[in-house]
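**Student:** Sequence:
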Amino acid sequence: MSGRGAGQRERRRIAQGLALLGTVLVLVLFGGVGGASAHAALTGTDPQDGSVLKTAPTEVTLSFSESIGLLDDSFRVLDPDNRRVHTGDPGHAGDRSDTARVTLPKGLGTGTFTVAWRVVSADSHPVSGAFTFSIGKPSATAPPVPVNPSGNTVAGTLYDAARYLAYGGLALLIGAATFVLVCGFPGPVRRLLFSGWWILGGSTVALLLLRGPYERGSGPGDAIDPSVLNETLTSRPGLALLARLVLLAAAVFYPVREQTRGRLVLALGGLLTVSLAVTWAVAEHASAGIQVPVAMVSSVLHLLSMAVWLGGLAALLTALYRSAEPLPAAVVNRFSRLALASVTVLVVTGVYQSWRGLGSWDALTSTSYGRLLLAKLVAVLVLLAGAGASRRWTGRLTLAAEEARTAAAVPVEERVPQTVGASAAPTGVRVGRADGPSDGGPSVDGASVDGASVDGASVDGAPDDGAPDDGAPDPDHEPSDKASDKSSGKISDKASDEADRYRRALRRSVLVEVVVGIVVLVITTLLTGTQPGRAATEAAAASATAAAGQTTASTTTIPFDVGTKGGHGKVQIELTPSRVGENSVQAVIYGPDGGFATVPELRLTFTLESQQIGPIDAELADKSGYWAADGVTLPVAGTWTMKVTVRTTDIDQVTVSKTVKIS
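Residue 62 is where the sequence shown starts when you use the working numbering, and the numbers rise one by one after that.
Any given hint might turn out to be false.
What the hints assert, rightly or not - With a straight-line cut-off of 25 Å between C-alpha atoms, the simulated SDA-like cross-links for lysine to any residue are:
#  : residue 1 : residue 2
1  : K631      : T720
2  : K684      : F657
3  : K719      : G172
4  : K719      : D110
5  : K719      : T694
6  : K115      : A177
7  : K631      : Y651
8  : K719      : G655
9  : K198      : L114
10 : K167      : L132
Hints were generated in silico from the structure; no laboratory data involved.
It should be emphasised that the depicted structure is a prediction, and the values quoted were computed from it without experimental measurement.
Starting from the given sequences, assemble the full structure and let the hints guide the process.
**Tutor:** Pasting the structure below:
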């Protein structure tokens with residue numbers, strides 16, 4: 062009873078520890094992590110963000126780093142009074158799947174317009190944002206964007222929670238089924254198998270209902286909206302979730318028993334598990350980017366090996382703690398070999414997926430995806446260390462169990478030839494007390510056999526001491542038999558104690574593996590919701606290229622005439638990069654003949670009349686042939702007025718002006 066009570070207390074401590082770990086993980090995930098990061102990055106807009114146009118555009122076009130899907134409400138255009146502009150239906154520009162376009166009506170008027178957008182990237186994650194452009198001149202105050210760029214946090218949090226549960230349910234389902242079929246130990250593992258099925262099924266239904274609100278950034282109430290649900294069911298992620306539910310329904314009829322480990326049953330089980338993994342691959346990172354066919358195969362193998370290993374660890378832990386009998390060492394050996402094969406597949410596919418997702422070594426530390434990947438690598442190394450400890454305890458357990466069996470079998474083999482008594486007598490011959498004289502022939506009851514008296518007679522001529530013999534073992538042999546039994550019992554008990562000690566150590570190491578495995582699952586789920594390092598790097602490069610294309614110097618030529626003979630010409634001003642922030646200015650003066658000319662003084666100021674900013678003095682300096690200034694800060698985008706004052710003599714000067722666009 063004391064052993065059972067100690068075991069129950071130990072199991073309660075384990076359950077409390079796992080519950081505490083789960084609570085901490087929930088707080089970390091949902092308290093410190095927002096929605097899933099964008100996967101398709103915005104690389105450009107037309108009109109450009111913050112630009113000021115002379116005439117109203119007829120459409121708005123967005124460009125992305127990968128193909129995207131459109132929603133009915135992908136665009137919201139707001140006028141300067143914060144009222145929604147009636148636009149056309151969203152579509153792709155030039156039949157390119159990596160673009161989004163919407164037409165604008167005529168008569169937009171002047172002022173600053175806000176464009177809020179939301180699309181779905183190729184790997185099924187929503188992307189959103191906002192930008193502004195102005196027509197004629199910017200508004201005094203830009204209207205606020207009435208949508209949350211990251212979407213509704215409640216729907217996003219619930220959707221992420223369902224994704225975590227789906228990964229855990231898949232690991233339990235596939236890992237427990239593999240443990241039963243390959244390792245041959247159903248027992249308490251069957252309950253784990255059923256739990257995995259219910260968790261995966263329930264989380265899949267939740268994902269299907271929450272998919273619409275998650276994409277739109279709306280509230281959970283839209284989960285039961287028929288129009289939203291209908292659009293989800295016709296989308297690629299929705300179809301993948303439906304297929305997963307059908308496969309789970311088919312799994313109900315699959316015979317998961319040790320006696321059914323035939324080739325056909327195993328083949329059907331393999332097909333079912335691969336199909337379940339495919340429902341993940343078609344809606345995650347593998348479905349977009351480079352080398353999609355290879356990435357899909359790698360993703361399926363990676364997910365299956367993860368489920369077999371981590372789910373199998375949970376099954377092994379359950380068998381070690383919940384089984385009524387000690388877990389056979391052969392079962393542990395089979396799982397040890399299975400885990401080694403799974404780890405090999407995980408390493409190969411993990412290296413490929415890391416290369417595909419990162420693209421460069423710099424992305425390992427400069428992107429969120431790379432930092433999460435480093436965290437997963439550390440967790441996997443800890444998991445491998447725990448697996449190594451488990452393999453050592455498994456080997457010792459196998460050896461101790463073999464020694465215990467040998468010690469228990471040897472005494473029986475030694476005692477059988479030495480047994481003397483009624484039980485050792487040949488069949489048909491009864492040895493007892495002699496009731497009559499011996500006639501020298503074979504005797505059945507009390508008679509001599511070959512001249513040897515059995516009861517009251519000498520044996521082989523030895524004198525009879527008259528002691529009665531009732532079939533008991535020879536006293537001369539009894540002490541040695543008892544000593545042998547005692548010695549062999551000690552050896553057997555010692556081997557059994559060692560086996561129990563190794564079994565307890567194996568339980569602890571497997572428990573550590575399960576805990577670290579939960580962390581690995583959490584990080585894996587976070588990785589699927591984070592923009593790959595390669596995509597982030599490409600998006601940054603595309604943005605830098607676009608910015609470089611927009612930072613070409615603007616050149617403005619301003620004629621001047623001071624009203625004196627030979628007192629006319631033109632000033633050529635080059636402004637780089639002609640954008641908000643710091644700019645550099647170079648000014649050259651051309652005389653009446655078109656050649657370079659020199660003047661005693663040249664001043665330049667910038668004024669943004671619509672915002673009542675300026676004049677800002679450029680503070681030009683004479684560079685012996687041209688005038689220049691660095692660090693001219695223009696704080697706001699818009700159409701600025703440049704005023705140039707040219708002084709040709711001590712008393713002759715003129716001020717001229719011209720506008721320049723600052724984006």
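**Student:** Of the numbered hints stated previously, which ones are contradicted by the structure, given in increasing order?
**Tutor:** Checked against the structure, no hint fails, so every one of them is satisfied.
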